[in-house]
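Protein chains in written order, with the working numbering: chain A, 1 to 229; chain B, 1 to 303.
Hints are computed from structural coordinates only; laboratory data are not their basis. Where hints are given, some of them may not hold.
What the hints assert, rightly or not - With a straight-line Cα cutoff of 27 Å, these simulated DSS-like cross-link-like pairs (lysine-lysine) come out: (1) 128(B) / 77(A); (2) 168(B) / 75(A); (3) 128(B) / 75(A); (4) 130(B) / 75(A); (5) 250(B) / 216(B); (6) 11(A) / 168(B); (7) 130(B) / 19(A).
The chain contents come next:
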Amino acid sequence: MNNSIVFLLAKKDFLITRKIITTFAIVSLVMIALVYLLQGRVANMVFYNVGFSLLIIPGASCGIVLLMQTNVFEKAKSTQAFIMSLPVTVREFTLAKLLINLPIFGAYWIVICAVAFYFAFGQGVFPMGTLPFITMIFLGIFVAYTFILGVSLLFQSLGITILSIMFFEMGTSAYLWVLAYMEPINTHIFGPVAVWNSTAITIVALQVLAAVFAVSMTYFLQNRKRDFI
Amino acid sequence: MNIPMAVQCSGISKRYPHFQLQNVDLAFEQGAVMGLVGPNGAGKSTILRIVMGLIAADSGSVNVLGYPMPSNQIAAKRNIGFIAEDMRLYESETIAFHMEFIKSIFDSWDGDYAANLLRRFDLNKEQKVKGLSHGQRVKTTLMLALARRPRLLAFDEPTTGLDPAVRKEVLDEMMNSMEDETHSILFSSHNTLDVEQISDYITFIYGGRIIESQNKEDFLDGWRRLRLVSAQNRDLPQLSNISDIHRSGKLCAVTVKNYEDSLPEKFTDAGFVVNDIERLTLEEIFLSNVQLAKNEAKKELVL
Chain A
1 MNNSIVFLLA KKDFLITRKI ITTFAIVSLV MIALVYLLQG RVANMVFYNV
51 GFSLLIIPGA SCGIVLLMQT NVFEKAKSTQ AFIMSLPVTV REFTLAKLLI
101 NLPIFGAYWI VICAVAFYFA FGQGVFPMGT LPFITMIFLG IFVAYTFILG
151 VSLLFQSLGI TILSIMFFEM GTSAYLWVLA YMEPINTHIF GPVAVWNSTA
201 ITIVALQVLA AVFAVSMTYF LQNRKRDFI
Chain B
1 MNIPMAVQCS GISKRYPHFQ LQNVDLAFEQ GAVMGLVGPN GAGKSTILRI
51 VMGLIAADSG SVNVLGYPMP SNQIAAKRNI GFIAEDMRLY ESETIAFHME
101 FIKSIFDSWD GDYAANLLRR FDLNKEQKVK GLSHGQRVKT TLMLALARRP
151 RLLAFDEPTT GLDPAVRKEV LDEMMNSMED ETHSILFSSH NTLDVEQISD
201 YITFIYGGRI IESQNKEDFL DGWRRLRLVS AQNRDLPQLS NISDIHRSGK
251 LCAVTVKNYE DSLPEKFTDA GFVVNDIERL TLEEIFLSNV QLAKNEAKKE
301 LVL
């Protein structure tokens with residue numbers, strides 16, 4: 001495998017999407033500033049719900065727009081034939097797409113997590129007991145993203161990708177409600193200390209494994225494709 | 001001396017739900033131009049995509065510039081410049097962006113040649129792709145393919161939708177790229193004039209099958225139309241190489257394949273006067289071939 005071609009392809013996608021990434025980065029900074037301004041002006045629950053939405057919407061939108069632009073539109077706009085006519089294999093193409101999408105969404109995700117955790121626990125908006133639950137919420141979002149990324153790469157279809165976004169969006173909400181009603185989790189939610197019991201640790205570990213599985217399966221299935229345009 | 005092959009496909013097949021490429025053999029040596037001619041949906045693009053390693057054949061083997069495809073596609077694609085009619089560049093980016101991108105991948109990128117082509121094609125490299133006309137877009141992709149100095153150019157319908165002036169520019173530049181006997185072109189078209197103009201070899205494709213493949217001179221020499229007159233409305237002699245007959249009263253036009261100089265005599269012996277012997281254009285030869293293929297397909301269905 002030619003690593004330099006992977007980086008060149010990822011760099012090409014970065015340059016093509018640089019305006020999208022920059023725009024969403026600016027919007028995210030504005031949202032963080034808004035969250036900061038809201039603090040102390042509204043009730044804690046309202047602050048967290050509104051703040052969570054303000055933080056997550058630009059990050060998630062950037063991730064989705066980016067994977068649409070780099071994966072789905074590559075095929076829909078027939079630029080894939082141009083790329084695949086170059087000395088590029090399916091493996092290198094796939095790695096390049098993962099290399100551009102995962103770190104950018106990952107960076108947004110880390111910043112959003114850091115800001116959310118800062119306000120939730122650093123500023124005492126929530127008791128420490130909610131730490132495992134909120135960790136699971138953010139991990140759940142990341143896992144859903146990795147599956148949507150996989151679908152967008154494997155199918156490169158606008159319709160199927162939109163369906164997967166809807167499915168994982170609803171699925172993540174349902175999953176969080178299930179978590180919230182699980183006794184080993186909800187018993188400690190309003191407690192003063194974070195309780196990382198075996199259930200919480202197992203769920204977090206499964207979420208990490210699910211994300212790794214989604215990315216690995218995408219890579220594996222993509223490499224089995226015989227036709228690529 | 002053995003001339004190395006540019007492309008060698010043996011028995012390649014590819015099945016789609018509504019189309020099947022069947023047992024295609026295609027070969028030509030380096031330094032030659034091979035034109036694939038066929039109507040829309042004949043299988044030209046499928047063959048070119050298989051040659052490029054973009055899709056894998058269900059069976060058969062493909063060798064391009066000595067590299068087996070698709071297993072050794074990286075080495076092969078380093079030496080191939082590919083253009084397809086349905087291939088697009090990034091609309092939001094400039095021609096210069098694409099030039100930089102290709103240059104970063106190919107050590108063989110020839111900046112002076114690229115600049116020269118930009119001038120000749122009257123292209124502004126700061127222009128975004130979305131602002132280019134169809135002709136400018138084709139010329140841009142051609143410039144990007146040529147400036148990397150490939151040994152094989154694989155073009156899928158490069159002249160489709162171009163006005164005559166741009167078509168000539170594109171064809172001229174394709175021919176200019178044939179610097180020496182190591183450079184080859186494989187291109188498809190349903191425009192027989194283009195194929196006749198630049199090809200050394202011609203392959204006719206119809207319904208996923210190759211119906212004929214020869215060098216151009218043999219094609220053009222092998223077909224004739226005889227204009228005959230028969231005073232007594234006689235029957236034509238039973239010759240296997242007659243592909244088409246048009247009768248109108250005493251006049252008769254017979255299209256023959258594998259023409260030989262002794263053929264007019266056979267018609268004379270049968271009581272016909274040979275008024276004229278015409279050469280066929282490639283388009284007429286192609287249409288006659290398609291007609292023959294259709295007739296054979298009908299016969300197979302009946303059997």
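Going through the hints against the structure:
1. 128(B) / 77(A): holds (16 Å)
2. 168(B) / 75(A): The hint is violated at about 30 Å.
3. 128(B) / 75(A): At roughly 20 Å apart (the allowed maximum being 27 Å), residue 75(A) and residue 128(B) satisfy the hint.
4. 130(B) / 75(A): Measuring from Cα to Cα gives roughly 17 Å; hence the hint holds.
5. 250(B) / 216(B): violated (34 Å)
6. 11(A) / 168(B): violated (36 Å)
7. 130(B) / 19(A): holds (17 Å)
The structure shown violates the earlier hints numbered 2, 5, 6.
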